[in-house]
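Asks: As a plain string of letters, each chain reads:
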Amino acid sequence: MANVLPDFIPPDVRARLKDIALTARFAVGGHGFGLHSSRSRGAGLEFAQYRAYEPGDELRQVDWKLYARSDRYFVREAERDSPLTVWILVDATASMTQADAARPDWSRLDAAKALAACAIELALRQGDRFGLAVLGGDGLRVHAAGAGPRQRDRCLLALQATAARGNWPAESALQLLWERVAAGSLVLWLGDGFDDAGVRLAERFAATRREVVGVRILTVGERDFPFRGGYRFRDPESGEEVLGDGDAIRAGFLERFGAARVALTARLAASGIRQVEYVLDEAPDLPLRRLFATRGAGAHPETA
Amino acid sequence: MNLALLLPAALAALAAVLLPLLIHFARRSERRPTDFAALRWLQAQARPKRNVRFDEWLLLTLRLLLVAALALLLARPVLFGAPDTTPWVVAAPGVAAETLRTAGVPDDAERRWLAPGFPEASEAPPSGRLPVGSLLRELDATLPAHAALTVLVPEVIDGVDAERPVLSRTVDWRIVPAASETVDAGKTPAAAIPTLVVRHAPDRAPALRYLRAASEAWRSDAGKGADGTTPPTPAAIDIADAARPLPADARLLAWLAPGPLPAVVRDWIEAGGTALLDARTEFPGIEAGTPRWRDADGDVLVRGIALGRGQALQWTRALTPAEMPELLEADFPQRLRTLLTSASPAPARAAAEAHAPLAGAEPWPETPRELAPRLVLLIAALFAIERWFAGSARRRAPG
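Sequence order for the protein chains is A and B.
The working numbering numbers the first residue of the first sequence as 1078 and each following residue consecutively.
The working numbering numbers the first residue of the second sequence as 498 and each following residue consecutively.
One chain only, chain A, in its complex shape (with noise of 0.2 Å):
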């Protein structure tokens, strides 16, 4: 094999996966056996309703004890696990190359290839469906959902080859991805949250049955804005430069900047999206398991 298949997952996050669930709170998984509840009903754990005894069905479906008290055929239905279809939504406009002084191998991409690939085992180990969509200055790339492992390494395989660079595409050049996205999946949008436009394709995705959770992926110097001295600070999608003394303007950042992340998570939040933030010291399992912890985990959507 000429490629060897990269790695993004550090061996101690791997170990710790295990106790991650990727489960949705509204999504709900197609036909098939999985892990997922869905709408339709069958044979399982989770007590769903009584119906009446048609002929045909099985005599062990048939609740007896029931029977004894009503006299009446009952027959038992539980709700049937199924499989979830996961989309990883992947911001790869330039901004996504920022990388902090301290660790400048670390980009917020290379932290956005680490979490879709955790979520990518994820969803493998659970048998769902998951597909990938990178955005970006290349415009839109889809790789449609599937399943197991081959699925996987294409995925990775097309983490592999993406680079951040350009601004959000347009809105007519995401045509395909409502197309592939099909309500009931579980879209999982990594990215930082700076695009506005992106921000408002997760808001129209939540409001037309999908479920959207998100990760915001912020660098150390955004939170902490760690700057001494004279800098100059250039957007990486605008090209717009602001000089500045780090030790002058760091308070009046942190405040404003703070006030955006808390504003931003609330709008999310009104649109029913979970989103987290992320900060590129953290371990890459960390936003994970605050979306995902325990099933139904929709009670701590912000953490950080």
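No lab work stands behind these hints: they were computed from the structure.
None of the values given here were measured: they were computed from a predicted structure.
It is possible that part of the hints are untrue.
[Said to hold, decoys possible] Facing chain B, from chain A, some residues (calculated, C-beta under 7 Å):
| # | residue |
| --- | --- |
| 1 | 1172 |
| 2 | 1309 |
| 3 | 1317 |
| 4 | 1319 |
| 5 | 1333 |
Note that the Cβ used here is the ideal one computed from N, Cα and C, for glycine as well.
Start from chain A and add chain B according to the hints.
Replies: Structure of chain B alone, referenced to chain A:
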């Protein structure tokens, strides 16, 4: 105890502290380009902040200290009021080195030779005749007022001057046996008989007899040594024609030829020779020479000038008894020798017991202690630390 500077003007070098300040300030003002996506929450400063800020305070402080210490070193700091009262033991030349090392004095005493620069006892003993009295006075003036001084001298000191030293302190004057190798120094070495080189024109031959006679007289004087033996004497006179070159070891020259002095002879005088010129030798400048020998009437017989390292003397009259009756007098050889050679050395030997220094001179003003050696050590240490910090700072900040 107070600090003083011998060269306060050197503190102007403190202006060099601007250098490290500038270095650190310049690094401060540069703008490092940085990618920053959250730019819209970043507000440019309304006006650049101009208050003075510096990078790497620790390194800057070290460099400032280093420059300040260097400036202080240039200003030659000295310390008054902290006299070093370490007792001193000095040994005059002629004392055995072993005696100096084992002299019964406190352990922390400085043991030195009484020689220029006061070398340590571990160094080779000084040799030759040294001005012991002068060195003693120098040491007395240099040492702090309360430092005890012990002087080890042989029974006979060589190199004293005419006055018993009067020092500002009472000296422990210990007379010890002389080292064995200096026992033979009990005699004044006999003054060597000067060899007179005569270069003459043919018509000056009649004058040669007087010079030859004088030279003979010098030799017979030396033969009458203290012990009565006649030491071997070299040929004391070398008479030749004026064209003959001078021997390499010639010291005294009688030039008996009229006319200008050859340049070779003039160069020889400048190189350290003593020449006695004929009355009719032409030598510019010698007419203004100082009188060196007057006759009984006070008329000048010989005048002379210094020339380079040597001297040129000139008879004022022809060397004939008619012109100069002194040629025939009995003390002519002795007077000629005195004229040509320097006076015999002053007596410089004294019995140590009789030459013990007297106390009672005014105490000398305190010699301040030089701080330069310690300051140099401090500067070296500061420099090493500065280099270390600078290196580690570069390692911390890659690129």
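Asks: Work down the list of hints and note, for each, if the structure agrees.
Replies: The hints, checked one at a time:
1. For residue 1172(A), the suggested interface contact is upheld, since its CB lies about 4 Å from the closest CB of chain B, less than 7 Å.
2. Using the Cβ-Cβ criterion of 7 Å, the hint placing residue 1309(A) at the interface with chain B is satisfied: the shortest such distance is roughly 4 Å.
3. Because the smallest distance between the Cβ of residue 1317(A) and any Cβ of chain B comes to about 6 Å, under 7 Å, the interface hint for this residue holds.
4. Taken as an interface hint, residue 1319(A) checks out: its beta carbon lies about 5 Å from the nearest beta carbon of chain B, inside 7 Å.
5. For the restraint placing residue 1333(A) at the interface with chain B, the shortest Cβ-Cβ distance is roughly 4 Å, inside the 7 Å limit, so the hint holds.
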